[in-house]
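Residue numbers (the working numbering), protein chains in the order written: chain A, 1 to 287; chain B, 1 to 287; chain C, 1 to 287; chain D, 1 to 287.
Rather than coming from a laboratory, the hints here were simulated on the basis of the structure.
There may be inaccurate statements among the hints.
Repeated chains share a single entry, so a pair holds when one copy, or any two copies, can fit it.
What the hints assert, rightly or not - List time: in silico SDA-like cross-link candidates among lysine to any residue, alpha-carbon distance up to 25 Å:
(1) LYS122 x GLY154
(2) LYS122 x PRO160
(3) LYS122 x ARG68
(4) LYS122 x PRO135
(5) LYS122 x GLN138
(6) LYS247 x LEU133
(7) LYS122 x SER214
(8) LYS219 x GLY248
(9) LYS219 x SER10
(10) LYS247 x GLY154
Number of protein chains: 4
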Amino acid sequence: MCRWLAYSGSSVLLQELLYVPAHSLIDQSLHSRLGATTTNGDGFGVGWYGEGGMPALFHSTEPAWNDRNLRELAAHVRSQTVFAHIRASTGTAIQQTNCHPFRHGRWLWMHNGAIHEFARVKRELTLAVDEALYPELQGSTDSELFFYLALTAGLEDDPPAAVARAVGLIEQVGAAHGVAHPIQMTVATTDGASVWGFRYSSEGQSRSLFYSTSVDTLKHQYPDNPLLHGVGDEARLIVSEPLGDLKGAWNEVPESSYGVVRAGRDELAPFSPQPWAVRAQAVAPAS
Amino acid sequence: MCRWLAYSGSSVLLQELLYVPAHSLIDQSLHSRLGATTTNGDGFGVGWYGEGGMPALFHSTEPAWNDRNLRELAAHVRSQTVFAHIRASTGTAIQQTNCHPFRHGRWLWMHNGAIHEFARVKRELTLAVDEALYPELQGSTDSELFFYLALTAGLEDDPPAAVARAVGLIEQVGAAHGVAHPIQMTVATTDGASVWGFRYSSEGQSRSLFYSTSVDTLKHQYPDNPLLHGVGDEARLIVSEPLGDLKGAWNEVPESSYGVVRAGRDELAPFSPQPWAVRAQAVAPAS
Amino acid sequence: MCRWLAYSGSSVLLQELLYVPAHSLIDQSLHSRLGATTTNGDGFGVGWYGEGGMPALFHSTEPAWNDRNLRELAAHVRSQTVFAHIRASTGTAIQQTNCHPFRHGRWLWMHNGAIHEFARVKRELTLAVDEALYPELQGSTDSELFFYLALTAGLEDDPPAAVARAVGLIEQVGAAHGVAHPIQMTVATTDGASVWGFRYSSEGQSRSLFYSTSVDTLKHQYPDNPLLHGVGDEARLIVSEPLGDLKGAWNEVPESSYGVVRAGRDELAPFSPQPWAVRAQAVAPAS
Amino acid sequence: MCRWLAYSGSSVLLQELLYVPAHSLIDQSLHSRLGATTTNGDGFGVGWYGEGGMPALFHSTEPAWNDRNLRELAAHVRSQTVFAHIRASTGTAIQQTNCHPFRHGRWLWMHNGAIHEFARVKRELTLAVDEALYPELQGSTDSELFFYLALTAGLEDDPPAAVARAVGLIEQVGAAHGVAHPIQMTVATTDGASVWGFRYSSEGQSRSLFYSTSVDTLKHQYPDNPLLHGVGDEARLIVSEPLGDLKGAWNEVPESSYGVVRAGRDELAPFSPQPWAVRAQAVAPAS
Numbered sequence: 001m002c003r004w005l006a007y008s009g010s011s012v013l014l015q016e017l018l019y020v021p022a023h024s025l026i027d028q029s030l031h032s033r034l035g036a037t038t039t040n041g042d043g044f045g046v047g048w049y050g051e052g053g054m055p056a057l058f059h060s061t062e063p064a065w066n067d068r069n070l071r072e073l074a075a076h077v078r079s080q081t082v083f084a085h086i087r088a089s090t091g092t093a094i095q096q097t098n099c100h101p102f103r104h105g106r107w108l109w110m111h112n113g114a115i116h117e118f119a120r121v122k123r124e125l126t127l128a129v130d131e132a133l134y135p136e137l138q139g140s141t142d143s144e145l146f147f148y149l150a151l152t153a154g155l156e157d158d159p160p161a162a163v164a165r166a167v168g169l170i171e172q173v174g175a176a177h178g179v180a181h182p183i184q185m186t187v188a189t190t191d192g193a194s195v196w197g198f199r200y201s202s203e204g205q206s207r208s209l210f211y212s213t214s215v216d217t218l219k220h221q222y223p224d225n226p227l228l229h230g231v232g233d234e235a236r237l238i239v240s241e242p243l244g245d246l247k248g249a250w251n252e253v254p255e256s257s258y259g260v261v262r263a264g265r266d267e268l269a270p271f272s273p274q275p276w277a278v279r280a281q282a283v284a285p286a287s
Numbered sequence: 001m002c003r004w005l006a007y008s009g010s011s012v013l014l015q016e017l018l019y020v021p022a023h024s025l026i027d028q029s030l031h032s033r034l035g036a037t038t039t040n041g042d043g044f045g046v047g048w049y050g051e052g053g054m055p056a057l058f059h060s061t062e063p064a065w066n067d068r069n070l071r072e073l074a075a076h077v078r079s080q081t082v083f084a085h086i087r088a089s090t091g092t093a094i095q096q097t098n099c100h101p102f103r104h105g106r107w108l109w110m111h112n113g114a115i116h117e118f119a120r121v122k123r124e125l126t127l128a129v130d131e132a133l134y135p136e137l138q139g140s141t142d143s144e145l146f147f148y149l150a151l152t153a154g155l156e157d158d159p160p161a162a163v164a165r166a167v168g169l170i171e172q173v174g175a176a177h178g179v180a181h182p183i184q185m186t187v188a189t190t191d192g193a194s195v196w197g198f199r200y201s202s203e204g205q206s207r208s209l210f211y212s213t214s215v216d217t218l219k220h221q222y223p224d225n226p227l228l229h230g231v232g233d234e235a236r237l238i239v240s241e242p243l244g245d246l247k248g249a250w251n252e253v254p255e256s257s258y259g260v261v262r263a264g265r266d267e268l269a270p271f272s273p274q275p276w277a278v279r280a281q282a283v284a285p286a287s
Numbered sequence: 001m002c003r004w005l006a007y008s009g010s011s012v013l014l015q016e017l018l019y020v021p022a023h024s025l026i027d028q029s030l031h032s033r034l035g036a037t038t039t040n041g042d043g044f045g046v047g048w049y050g051e052g053g054m055p056a057l058f059h060s061t062e063p064a065w066n067d068r069n070l071r072e073l074a075a076h077v078r079s080q081t082v083f084a085h086i087r088a089s090t091g092t093a094i095q096q097t098n099c100h101p102f103r104h105g106r107w108l109w110m111h112n113g114a115i116h117e118f119a120r121v122k123r124e125l126t127l128a129v130d131e132a133l134y135p136e137l138q139g140s141t142d143s144e145l146f147f148y149l150a151l152t153a154g155l156e157d158d159p160p161a162a163v164a165r166a167v168g169l170i171e172q173v174g175a176a177h178g179v180a181h182p183i184q185m186t187v188a189t190t191d192g193a194s195v196w197g198f199r200y201s202s203e204g205q206s207r208s209l210f211y212s213t214s215v216d217t218l219k220h221q222y223p224d225n226p227l228l229h230g231v232g233d234e235a236r237l238i239v240s241e242p243l244g245d246l247k248g249a250w251n252e253v254p255e256s257s258y259g260v261v262r263a264g265r266d267e268l269a270p271f272s273p274q275p276w277a278v279r280a281q282a283v284a285p286a287s
Numbered sequence: 001m002c003r004w005l006a007y008s009g010s011s012v013l014l015q016e017l018l019y020v021p022a023h024s025l026i027d028q029s030l031h032s033r034l035g036a037t038t039t040n041g042d043g044f045g046v047g048w049y050g051e052g053g054m055p056a057l058f059h060s061t062e063p064a065w066n067d068r069n070l071r072e073l074a075a076h077v078r079s080q081t082v083f084a085h086i087r088a089s090t091g092t093a094i095q096q097t098n099c100h101p102f103r104h105g106r107w108l109w110m111h112n113g114a115i116h117e118f119a120r121v122k123r124e125l126t127l128a129v130d131e132a133l134y135p136e137l138q139g140s141t142d143s144e145l146f147f148y149l150a151l152t153a154g155l156e157d158d159p160p161a162a163v164a165r166a167v168g169l170i171e172q173v174g175a176a177h178g179v180a181h182p183i184q185m186t187v188a189t190t191d192g193a194s195v196w197g198f199r200y201s202s203e204g205q206s207r208s209l210f211y212s213t214s215v216d217t218l219k220h221q222y223p224d225n226p227l228l229h230g231v232g233d234e235a236r237l238i239v240s241e242p243l244g245d246l247k248g249a250w251n252e253v254p255e256s257s258y259g260v261v262r263a264g265r266d267e268l269a270p271f272s273p274q275p276w277a278v279r280a281q282a283v284a285p286a287s
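Isolated chain A (complex conformation) (with noise of 0.2 Å):
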């Protein structure tokens, strides 16, 4: 349905990571080989952080394939976090309002599968958005309301808590609507700081994820590899699908798992839904 890429590390040129390695998120757009569908070219989405510590996005409606300003931007284009996202449309419309990542303040969102039979689901879901989150809502798909419901569950606060029970929400929802399989899900968020990557499907046959080795790791296993040379040994990659036949570079997220890449500590847990709640305090709406 989609796939997406989340970079964390020294800073590097957007293209060290879309157009360089051999299969790319740009080439994973005309070749998925993991994917749900070989093509995602229903538009794409790119965040970064820069200026002031805060996110940028950059959002096309066009296949990322041949699209030249991503061409001049990746080339331009410095970041220590970077979040990718092609899209394969589940039927909702090809709109730059509904390009991945979606942003909240300082937090970008990005995902991959679908809440099943959305349109069952959409104005029961919708109503738990806190109100005063509600306006920010621009798009029609499922992947931003689940941002709203998690940003709404104290995503700003505690991330794999606030994701578990927004995914609560649905697998009930769903369920009260004889949804068989209420949600599929690979999901990446951050703050700039720490990024998170989830994995989980109601039938527990979950969309493909990755995340790479340590690249202190991989420099002692492969010497004269150039790509690992410009790469701070704390930089870490969670991606839908390998961007290349590395051996040992890739490492597969268990079903029900959710990992944090975080300076200092790594962590990788079980994850599974959690009875929803809205957290105390009211959410504040971005500024």
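Dock chains B, C and D against chain A, hints included.
Same frame as chain A, but now just chains B, C and D:
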């Protein structure tokens, strides 16, 4: 904010309506005289009834003045009922799902004006939309939501009553949120047979709206005007601003009024908001 | 590189050609089986003859598969002669002026393939275009230039001879610049009455091209197939790849051949490049 | 026809140039005061020098005023040399390859005005472009062709002489084809270090052009103006029309003149067309 045109009459090439007149709608996209903005370049839309009596839509996010596809279509498509709209966004995104006219089944709808302070009232108004219709909402505009409120209130059975109830709700919800003047509107809607045009605003200073004099009268008055030759005597236009300076050709729709154009009998009647009511029978979603 | 479809016959809704068949052109935009690329997502175009017998064009830079305007048009436009093309760029920009079909007066033209090493031969080939036609060149593709070479060589008088001369020039200029295989092509062109289809390549391994069996024959063979009911016996399709798996429905156009589809008599004949010649009388530019 | 802005000085966020000033370029896209048209909505472009000292381009066919990607970029990209252009087409297609600034290697170029009766002289002018440069032509505008004529005449060695020769050719070819006033122009070009601005027209009534007073002078004159705080004393702007009404801030470039902005020394000198000459050494195409 926007400009629009509604035509009903003998079959006509779209370009006769959109390009040929001296101050055509396409000219208004760059040089509106009576609009809130002189430039209406945030996309456009055309709806027409054709094959099987069902309406077709063409929506674009480009300015109308240089759109090559619109020029091609206009030179090749004929219809007896045509809606055309050029947009000047009041803040919502420039995307096809925000382009007028909007469609539900056989019905088309377009709007010039705004639900003021929309972010404050959007949630409550959205909740009033019939649950069966809710999944059809595709964009993020006040205008589309207004259409679905009117549908919920029975537009398909009694358009003037339904629009009056929808406006009643908008006035009431606006007042409850402290909005000084909740609505500014000219609206056109049609089922392909009749066309209704409404002019109203909370402050009693509504956007301009005009309807054309009977072609029969004009033909007597201007026997040498070639523009009138090809048009049947039943033809009528309702427009945001006159398409030219032909004396006697245009009548202003009075404040707080609506008109109906249909075969055999036109009407002009007062319009005022009515208490919100949902029609007894649930609305069937468009198939 | 691209895929295309040319239809000539009884009046048909575009969607019968573009969306209904099992392996329709829209399906080929994502899942081409015989093309050089499986994805043809770099824009599309449709040309049809309508009002006054003149061709209309609809060009878009979006992928065809999710284009809402194309779906609307296809459901409302009928024509007796339809050209449709989905593009996979070989490097030139994704823009409407590079979308097929191209038009000159009553003539349409579309091409699958390439003039190889185009940058090396473009200038010399462009110089060969009739000076009166030169200002009509709007895009940057090899395909549009090829069309104007054919027009210069007399396309409007004798299409097979003109295309043969244009190909002769391309072969000759390519050879002079050391290009191994100067041209790869299937081409369709029409004046709205007859349709010509060409298959040729310098290396003798041309892109696929098929024409439909007579509908009359098919109706006898498949009396229960509803797809054949609404189509007159004169109807013919020329396509890059078959629109379905109906046995006996599709014939491959042989290497180095061209076919003509017209009322009363179809033809299939050998095709070979001829020496370049400009027709004696200067070509009039399209008004 | 168009409006543009060229900045050279201390590193600045693009939004300081494009959005913050009272009569910013984005404001001019809807409300130009001195331009040939008040609306400049046929696409835009920004070029800036960044990574490795090479220029980046961002081109869009959308109007600048509501473009979300431009607003994002402008809030996150800093540069010491910025070119920005908003377009009002004089007839050629609205497509990215027709958006200014144009680029060759390290050079950027933008133009306001027109080569008059372009269709009549285009072929002859195109033939004068260096054969090695010819394949780089991507769009269909007079402005891009003018750039490649200047490159052919030695822009990279001596910009004022090269532009004078290119204008000489345009005057000569126009005259030979009976064009009354062959050229109308303001032009900006840069190699990233110096910026050249030209003002000229065949009829001696050129489009407006202004350059900013020295920031040092302004700071003394307006010690309380916050806009001047962050800008170094070397900063200079060359603009189609002033960005605000600050008295003393803007000087008109005289008719038939050009100016150079560079570190250490600015210059203003007369400009007149010179006989066409191609520089002795062939121009290398951009790699």
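Verification of the hints:
1. In the homo-oligomer, the alpha carbons of LYS122 and GLY154 lie at most 25 Å apart both inside one protomer (20 Å) and across protomers (23 Å), since each shortest distance falls under that limit.
2. Taking the closest pair of Cα atoms, LYS122 and PRO160 come within 25 Å of each other only inside a single copy of the chain (23 Å); across copies the shortest separation is 30 Å, beyond that limit.
3. In the homo-oligomer, the alpha carbons of LYS122 and ARG68 lie at most 25 Å apart only across protomers (22 Å), although the nearest pairing inside one protomer, at 35 Å, exceeds that limit.
4. Within a single copy, LYS122 and PRO135 get their C-alpha atoms as close as 16 Å, and across copies as close as 7 Å, so both meet the 25 Å cut-off.
5. For the identical chains of this complex, LYS122 and GLN138 are neighbours both inside a copy (14 Å) and across copies (12 Å), given an alpha-carbon limit of 25 Å.
6. For the homomeric pair LYS247 and LEU133, neither the shortest alpha-carbon distance inside one copy (44 Å) nor that between copies (44 Å) is at most 25 Å.
7. When the C-alpha separation of LYS122 and SER214 is checked against a cutoff of 25 Å, the pair qualifies neither within a copy, at 40 Å, nor between copies, at 48 Å.
8. Taking the shortest Cα distances, LYS219 and GLY248 sit within 25 Å of each other inside one copy (11 Å), while across copies they are farther apart (60 Å).
9. For the homomeric pair LYS219 and SER10, the shortest alpha-carbon distance inside one copy (15 Å) is at most 25 Å, but the shortest distance between copies (39 Å) is not.
10. In this assembly of identical chains, LYS247 and GLY154 lie within 25 Å of each other by CA distance neither inside one copy nor across copies; the values are 38 Å within and 52 Å between.
The structure shown violates the earlier hints numbered 6, 7 and 10.
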